[in-house]
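Please take these sequences and the hints and turn them into a complete structure.
Protein chains in written order, with the numbering used here: chain V, 1 to 130; chain P, 1 to 130; chain R, 1 to 130; chain A, 1 to 130; chain F, 1 to 130; chain U, 1 to 130; chain B, 1 to 130; chain C, 1 to 130.
Rather than coming from a laboratory, the hints here were simulated on the basis of the structure.
For lysine to any residue, the following SDA-like pairs were computed, each having C-alpha atoms within a straight-line distance of at most 20 Å:
#, chain 1, residue 1, chain 2, residue 2
1, F, K74, U, A126
2, V, K102, P, T14
3, F, K74, F, R55
4, A, K87, U, E18
5, V, K102, P, A11
6, C, K102, B, M89
7, U, K74, U, P53
8, F, K102, U, T14
9, P, K74, P, D32
10, F, K74, A, V35
11, R, K87, P, M89
12, C, K102, R, S12
13, B, K74, B, G103
Distance ranges between label pairs, derived from CB positions:
#, chain 1, residue 1, chain 2, residue 2, range
14, C, G28, B, R50, 23 to 33 Å
15, R, E26, A, V2, 58 to 68 Å
16, R, E26, V, A128, 18 to 28 Å
17, V, Q27, P, S22, 51 to 61 Å
18, U, D41, B, E18, 33 to 43 Å
19, V, Q27, C, A11, 14 to 24 Å
20, B, Q34, V, S22, 55 to 65 Å
21, A, R44, F, V2, 26 to 36 Å
22, P, A11, F, A11, 27 to 37 Å
23, U, T14, A, D32, 39 to 49 Å
24, P, A15, R, E18, 24 to 34 Å
25, R, R44, U, D47, 50 to 60 Å
Each residue gets a CB set at the ideal place from its N, CA and C atoms; glycine is no exception.
There are 8 protein chains.
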Amino acid sequence: MVDVAVICGSASDTAVAEKVFSVLREQGVSYDYQVISAHRDPDRLDDYIRSSPCRVFIAIAGLSAALPGVIASKTARPVIGVPVSGKLMGLDALLSIVQMPKGVPVACVGVDNGENAAHLAIRMLALASE
Amino acid sequence: MVDVAVICGSASDTAVAEKVFSVLREQGVSYDYQVISAHRDPDRLDDYIRSSPCRVFIAIAGLSAALPGVIASKTARPVIGVPVSGKLMGLDALLSIVQMPKGVPVACVGVDNGENAAHLAIRMLALASE
Amino acid sequence: MVDVAVICGSASDTAVAEKVFSVLREQGVSYDYQVISAHRDPDRLDDYIRSSPCRVFIAIAGLSAALPGVIASKTARPVIGVPVSGKLMGLDALLSIVQMPKGVPVACVGVDNGENAAHLAIRMLALASE
Amino acid sequence: MVDVAVICGSASDTAVAEKVFSVLREQGVSYDYQVISAHRDPDRLDDYIRSSPCRVFIAIAGLSAALPGVIASKTARPVIGVPVSGKLMGLDALLSIVQMPKGVPVACVGVDNGENAAHLAIRMLALASE
Amino acid sequence: MVDVAVICGSASDTAVAEKVFSVLREQGVSYDYQVISAHRDPDRLDDYIRSSPCRVFIAIAGLSAALPGVIASKTARPVIGVPVSGKLMGLDALLSIVQMPKGVPVACVGVDNGENAAHLAIRMLALASE
Amino acid sequence: MVDVAVICGSASDTAVAEKVFSVLREQGVSYDYQVISAHRDPDRLDDYIRSSPCRVFIAIAGLSAALPGVIASKTARPVIGVPVSGKLMGLDALLSIVQMPKGVPVACVGVDNGENAAHLAIRMLALASE
Amino acid sequence: MVDVAVICGSASDTAVAEKVFSVLREQGVSYDYQVISAHRDPDRLDDYIRSSPCRVFIAIAGLSAALPGVIASKTARPVIGVPVSGKLMGLDALLSIVQMPKGVPVACVGVDNGENAAHLAIRMLALASE
Amino acid sequence: MVDVAVICGSASDTAVAEKVFSVLREQGVSYDYQVISAHRDPDRLDDYIRSSPCRVFIAIAGLSAALPGVIASKTARPVIGVPVSGKLMGLDALLSIVQMPKGVPVACVGVDNGENAAHLAIRMLALASE
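This is the structure in structure tokens:
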């Protein structure tokens, strides 16, 4: 059993994921890591979300960045989204992640800010251990 | 059997959908209309995409606007996305729809421009009737 | 004892706060509500943060929107920030809230999207009740 | 006879065109390639559009990027536009291509995303072979 | 024979054209007025440009605003472009008009600023009467 | 006597000025070149504008780019402004140059597009030689 | 003798100026008020700046908003600039005012935020009375 | 006793601080320099603000850039804010610093423009020495 599931939408997002791992490891938080595209591999994503025992999801994605929202629509767990910068400086991913429709919340952190995704997850997990 | 499936992400996008219908009707193109949120009703969306006999999808969505991309990831048909304006003038939906990752194409038209979505669908359908 | 502390930076943000209350009430989640400006009343804000028994903070603010970040710097609880639209469509508040420095995480939701702040808080609180 | 006509507005857009070719070749789709500026060589563009036997146009352009729209105004075939990044990150070309007036539709894909232009063309061509 | 040809891309741009007329009339400058879409009526536009005896063109357009650039590509006369505001505040038209490729210059004025288009034309015409 | 006066707001804009010179020289158009800051050397700018025998001004400036507008307020000649890119991609200079108040027109060309400033000046000068 | 000179670039900026007056009056700070366009009336502006006995300037302007910068280039007094919103939400004026070249500083406050211009002036004046 | 307190939000802002020092030194203005994060070290910041004998604060910060506003809320001295560029070109910091709520003014200068922060401080200090 792990505390956090970290999912990247593309293997090119690995550098941001490393920032997440670094903080989680430092704080002794267990995690599982997957690269699954919401658009290119929706069925594997579904399976993973449904079977994951994690308590918090961290989804890292660039461009149209549907990943965090899709995860949030299939789990009742909190989902943290990290927009990844690219040709449009990450503004595309940032707006896609933060402007979710009512009822399907994603907790967005700053562009490429994997560290804060981890710190936010740790604050959430602390609620569970009281 | 219909030529075009028109799907709105929210009932509040109806005004843009009406623009699509108006052009399609004028040109005698058959269509089916659904309101299904990619985020709030993913399973119904899946069923609809898989069972639809349509040849072209038109997906209308605001905010993080995942709908067109999710459809494109589950069909081999062409998918046209229409960004709907809101608090950020539709820039959020526009970037979400147009900045799709490689391999999952969406044909984006202008903000609230339902007419052009219909015209584009008609051009695509004309390829099939040659 | 309350589950959620809802803080507005200005009395003019009340309409967004009402959206938060509406969802929290519907779900039976207890909350306390305050209007405290991070800039104009920093000492009262400090006192409130330190004495609040809440488990999650929701901070609603427009313009330079320092409120969520200041709260996050003074509590170890999760803090959710809601950017409020104004002359620049809420882009100013959105960037201020989401682009936090490393180590002080804020969970940003969409512009004026009080509902999702509440839904996100509820997902976090559910972690505590397992 | 070719399936797709790929037109760049400038020789400097070649890198994006190569992405288009790579996907088309992989899928065995025939294409013709031209560099014709809508602004600097309008008559040659006219001649090419009128005489081309292709079924889908892909137009690649940066800056004010009139190319896709001009083509769409002179053919009844579907036209796919690819905005090319430059000093303004491609936002200029993106808005020019996507914000077409009613009645002259262009299918816009992401900034520099030649691959998706090819994938979209292939989905359109599949309609013709049913 | 007229000094200035004023062309709107759409009948909906008339309010901006009125501002142009008002300044030209006040200064006793003769003009001809046409509504011709670069995208929807390219042949009529061609004919008009080629047969117009005017010395300066003023082109008024919104959205992807190809009109000024198309005119500049077909005449050696100076062309002034006026971006018209719409759902994206005129930023789309502004970037389309100002970011022309090398060799096909358009003189862009401010969003909806028909007055300055007229004033600029008058400064140009004064060169001819020295 | 020269046809065109080219003025840079700062010595760091020289690369853009070189593009202007290159086109003017190629077309045999005479010019004078000065580096004068509108903000740091307003009196020298005044003197230069008043004494210059040129028929068209080209003003090149970055950042808040007041230079073209200040020149336009002190001459009745046409003034062409070239926005220079910097930390904000030239968007600051572009908006400063193009959004002039009514009555003081500046002809804005694209970011760093010195070539088009020269081409536009040549079109204006041709009016005088008819 | 007055403490603050308040200058608007256009009579249409009066509503923002009223916010300045209201705070200054409340605090008993004397001021003089003028409407002078930097672009349309540069000589009167020069005269006013040179003859004003004030200790702080507040300049209110929209669009390309050269006023604060021009004043800062002609006085050694502190100059506060207030960007006024318009078709581009005040982003044009904001960037013009804040992105001044090195050596000619302007103190920029928020869009339409006349109150803060007054409060800032009062903080500056307090330095003089110690 | 020093005239100016220069505070950076992060050690990574040092390059901008050096520009401030260089101008202050050149003009013989004394200063004190600190690196204190508003978010990560609020109590040390409080102590420093309260005990500093300086007459003007210069606060340098990137990202959500709360530092200048927090200082302005805890001192009656003038506060100058310098936005530092990063992944979003400094637009995040610029908007955070300039869009302060009414009553808590910050004097914002251009992105990374440490020189102008120093020049502005010098203009303010001159008021005190008359």
